[in-house]
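J.: In case you want the letters, here they are:
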Amino acid sequence: QQQVKQSPQSLIVQKGGISIINCAYENTAFDYFPWYQQFPGKGPALLIAIRPDVSEKKEGRFTISFNKSAKQFSLHIMDSQPGDSATYFCAASKPYGGATNKLIFGTGTLLAVQP
Amino acid sequence: EAQVTQNPRYLITVTGKKLTVTCSQNMNHEYMSWYRQDPGLGLRQIYYSMNVEVTDKGDVPEGYKVSRKEKRNFPLILESPSPNQTSLYFCASSFRQTGDLKGYGYTFGSGTRLTVV
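Just so you know, the sequences run in chain order W and G.
First residue of the first sequence: 1, per my numbering; consecutive thereafter.
First residue of the second sequence: 1001, per my numbering; consecutive thereafter.
Worth double-checking, as some hints may not be accurate.
As the list claims (entries may be wrong) - Computed cross-link-like contacts, DSSO-like style, restricted to lysine-lysine with a CA-CA straight-line distance of at most 27 Å:
{"hint": "1", "chain 1": "W", "residue 1": "94", "chain 2": "G", "residue 2": "1018"}
{"hint": "2", "chain 1": "W", "residue 1": "57", "chain 2": "G", "residue 2": "1069"}
{"hint": "3", "chain 1": "W", "residue 1": "57", "chain 2": "W", "residue 2": "102"}
{"hint": "4", "chain 1": "G", "residue 1": "1057", "chain 2": "W", "residue 2": "94"}
{"hint": "5", "chain 1": "W", "residue 1": "102", "chain 2": "G", "residue 2": "1057"}
{"hint": "6", "chain 1": "W", "residue 1": "42", "chain 2": "G", "residue 2": "1057"}
{"hint": "7", "chain 1": "W", "residue 1": "58", "chain 2": "W", "residue 2": "42"}
{"hint": "8", "chain 1": "W", "residue 1": "102", "chain 2": "G", "residue 2": "1017"}
{"hint": "9", "chain 1": "G", "residue 1": "1018", "chain 2": "W", "residue 2": "42"}
What the hints assert, rightly or not - Here's a subset of chain G near chain W, in silico, CB distances under 10 Å, partners left out:
{"hint": "10", "residue": "1008"}
{"hint": "11", "residue": "1033"}
{"hint": "12", "residue": "1035"}
{"hint": "13", "residue": "1042"}
{"hint": "14", "residue": "1048"}
{"hint": "15", "residue": "1052"}
{"hint": "16", "residue": "1110"}
Quick caveat, the hints were computed from the structure, so don't treat them as lab data.
The beta carbon of each residue, even a glycine, is placed where N, CA and C say it ideally should be.
Start from the sequences, fold in the hints, and give me the full structure.
T.: And the structure:
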């Protein structure tokens, strides 16, 4: 059962453009929504994260938009650069209890930023 | 340098030959986990450990074993590997995520690409 659905599977953006990756979740108990960035040959690395009590979080060129009622969240990369070319994963986790730290990942988006 | 170290990086083996992928972290993290990454399926959790001698199954535990005898190490054992276990494996660690510590990101290793023929 896919609890976090991510789209698109792949994305090509021109340098300077905006990259947008979307995720939708099913479990309203999720309370933490991180995005991870993975370069070829490397493990994923935490990029930015948000909690459901805010609708937006911005760090540099990266912004998470969160829509609690729609159970959706998205990553926006402004002024996309070739160095942003990577695979991006959204994820979600539940509050304390059971598998406290468990992150449930989306299926990933391969982003290519063309120069 | 704070890191999660996995070995080996690449491994080709034959069906049925037992193997162990090692994972070690130097950040004193309580929580460790193994994931496998497959195209179109993202990262799926195999096993996790909340602390020494405390382990539990993730979403895809069949065919795998783990142990946590020391806080820093969390090896993944494939007792009788099969071709459907050909995948990219990641070990990850973090502090326990409770209360104000929620949001401490996972630190991932660089991955182990396993091929079972």
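J.: Minimum Cβ distance from residue 1008 of chain G to chain W below 10 Å?
T.: violated (14 Å)
J.: Less than 10 Å between beta-carbons is the criterion; does residue 1042 of chain G satisfy it with respect to chain W?
T.: holds (4 Å)
J.: Please work out if residue 57 of chain W and residue 102 of chain W have their alpha carbons no farther apart than 27 Å.
T.: It holds: about 22 Å lies between the C-alpha atoms, which stays within 27 Å.
J.: Against the 27 Å threshold, does the CA-CA distance of residue 102 of chain W and residue 1017 of chain G hold or violate the hint?
T.: Violated, at roughly 30 Å.
J.: Given the hinted pair residue 1057 of chain G and residue 94 of chain W, is their Cα-Cα distance within 27 Å?
T.: holds (17 Å)
J.: Does residue 1052 of chain G pass the interface check with chain W, least Cβ-Cβ distance below 10 Å?
T.: Hint on residue 1052 of chain G: violated, closest Cβ of chain W at ~15 Å, above 10 Å.
J.: Hinted pair, alpha-carbon criterion (27 Å max): residue 1018 of chain G, residue 42 of chain W. Please report holds or violated.
T.: holds (26 Å)
J.: With the threshold set at 27 Å, check whether the alpha-carbon distance from residue 57 of chain W to residue 1069 of chain G stays at or below it.
T.: This hinted pair is violated, its Cα atoms lying about 39 Å apart.
J.: Assess, step by step, whether the Cα of residue 58 of chain W is no farther than 27 Å from the Cα of residue 42 of chain W, and give holds or violated.
T.: holds (25 Å)
J.: Hint check: is the beta carbon of residue 1035 of chain G less than 10 Å from a beta carbon of chain W?
T.: holds (8 Å)
J.: Tell me if the straight-line CA distance from residue 42 of chain W to residue 1057 of chain G falls inside 27 Å.
T.: With a Cα-Cα distance of about 25 Å, the restraint between residue 42 of chain W and residue 1057 of chain G holds, given a limit of 27 Å.
J.: Going straight from one Cα to the other, do residue 94 of chain W and residue 1018 of chain G come out at no more than 27 Å?
T.: violated (35 Å)
Of the hints listed earlier, those the structure fails to meet are numbers 1, 2, 8, 10, 15, in rising order.
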